[in-house]
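> Respectively, the protein sequence lines represent chains B and F.
For the first sequence, this note's numbering assigns the number 1 to the initial residue and increments by one for each residue that follows.
For the second sequence, this note's numbering assigns the number 1 to the initial residue and increments by one for each residue that follows.
Source of the hints: derived by calculation from the structure; they are not laboratory data.
Since this is a predicted model, take the numbers as computed values, not measurements.
Among the clues, some could well be false.
[As the list claims (entries may be wrong)] Computed Cβ-Cβ distance ranges for the label pairs, DEER-style:
# : chain 1 : residue 1 : chain 2 : residue 2 : range
1 : B       : R108      : F       : D2        : 37 to 45 Å
2 : B       : T20       : F       : T20       : 38 to 46 Å
3 : F       : V13       : B       : L96       : 32 to 40 Å
4 : F       : K56       : B       : N51       : 23 to 31 Å
5 : B       : S80       : F       : K67       : 23 to 31 Å
6 : B       : S80       : F       : N22       : 34 to 42 Å
7 : F       : V5        : B       : K69       : 34 to 42 Å
8 : B       : K18       : F       : A78       : 46 to 54 Å
[Said to hold, decoys possible] Just so you have them, the derived chain F footprint on chain B, three or more residues with Cβ under 8 Å:
#  : segment
9  : 62-69
10 : 80-89
[As the list claims (entries may be wrong)] Some chain F residues well away from chain B (every beta-carbon gap over 10 Å; in silico):
#  : residue
11 : P8
12 : V13
13 : R31
14 : M48
Don't be surprised by glycine CBs; every beta carbon is placed ideally from N, CA and C.
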Amino acid sequence: EAQVTQNPRYLITVTGKKLTVTCSQNMNHEYMSWYRQDPGLGLRQIYYSMNVEVTDKGDVPEGYKVSRKEKRNFPLILESPSPNQTSLYFCASRRLGPYEQYFGPGTRLTVT
Amino acid sequence: EDKVVQSPLSLVVHEGDTVTLNCSYEVTNFRSLLWYKQEKKAPTFLFMLTSSGIEKKSGRLSSILDKKELFSILNITATQTGDSAVYLCAVESSTGNQFYFGTGTSLTVIP
Chain B
1 EAQVTQNPRY LITVTGKKLT VTCSQNMNHE YMSWYRQDPG LGLRQIYYSM
51 NVEVTDKGDV PEGYKVSRKE KRNFPLILES PSPNQTSLYF CASRRLGPYE
101 QYFGPGTRLT VT
Chain F
1 EDKVVQSPLS LVVHEGDTVT LNCSYEVTNF RSLLWYKQEK KAPTFLFMLT
51 SSGIEKKSGR LSSILDKKEL FSILNITATQ TGDSAVYLCA VESSTGNQFY
101 FGTGTSLTVI P
């Protein structure tokens, strides 16, 4: 089954404790992206990647890091999480070009 | 500043009604506009529009894009309770291949 998977699905952590949210897709898509969704603000793009070893900042990259060492994986790293990073995070992927994005199930992150 | 604005923010209708959701945008180097449906989980794809004036249709849902006036509408006819969801509009810019989402329209369909 073609899908985007994210882990963990739910995470509660404390300020400053480094964490990684994994994202993997099995559709051989070149493009992968991370979004955060907050009430009243909609989905905002954090980082995206057009291919292996190519990453670019989206609208809200501060406090986040990503890497794209393999085509199928695009982890999101929070080196020192803060409470304002409490949010619902979605990973997405698609083929390059005018094609739809496929979204993962989401990761609900709470930073206390 | 690139932005996507959706209206109304929320809508409550009765089953069988027809609704029109609006999406206006100001995005540099427009490439495409996409509509998604979100029901308490990940967004699911509805339509992608790249050319102006062409209507995309799937069952009771249809959408049209006006690239001159920079807006799109999503129509849902004969609404059902299963249409209750947040509808998201997104615009892709060819400058950096970024996506810009609106805040969504929350649709509630009452039996």
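> All hints are to be evaluated individually against the structure, with a verdict given for each.
A quick look at each hint next to the structure:
The hinted range of 37 to 45 Å is not satisfied by B/R108 and F/D2, whose Cβ atoms lie roughly 27 Å apart. Hint check: B/T20 to F/T20, Cβ distance near 43 Å, so the stated range 38 to 46 Å holds. Hint check: F/V13 to B/L96, Cβ distance near 39 Å, so the stated range 32 to 40 Å holds. For the pair F/K56 and B/N51, the beta carbons lie near 29 Å from each other, so the given range of 23 to 31 Å is met.
A hinted range of 23 to 31 Å is violated for the C-beta pair B/S80 and F/K67, which are about 43 Å apart. In this structure the hint that B/S80 and F/N22 lie 34 to 42 Å apart at CB holds, the actual value being about 40 Å. Range check, F/V5 to B/K69: about 37 Å between beta-carbon atoms, so the 34 to 42 Å window is met. Roughly 51 Å separates the CB atoms of B/K18 and F/A78, a value that falls within the hinted 46 to 54 Å.
Only residues whose beta carbon comes within less than 8 Å of a beta carbon in chain F count, and the segment 62-69 of chain B has 0; fewer than three means the coverage is violated. Proximity of the segment 80-89 of chain B to chain F, defined as three or more residues with a beta carbon under 8 Å from a beta carbon of that chain, is not established by the 0 residues found. Distance check for F/P8 against chain B: the nearest CB is about 14 Å away, which clears 10 Å, and the non-interface claim stands. The non-interface label for F/V13 is consistent with chain B: the shortest C-beta to C-beta separation is roughly 22 Å, beyond 10 Å.
A beta-carbon of chain B is positioned within 10 Å of the beta-carbon of F/R31; the least distance is around 7 Å. Its closest Cβ contact with chain B, about 6 Å, brings F/M48 to no more than 10 Å, contrary to its assignment away from the interface.
Hint compliance for this structure: hints 1, 5, 9, 10, 13 and 14 are broken, all remaining hints hold.
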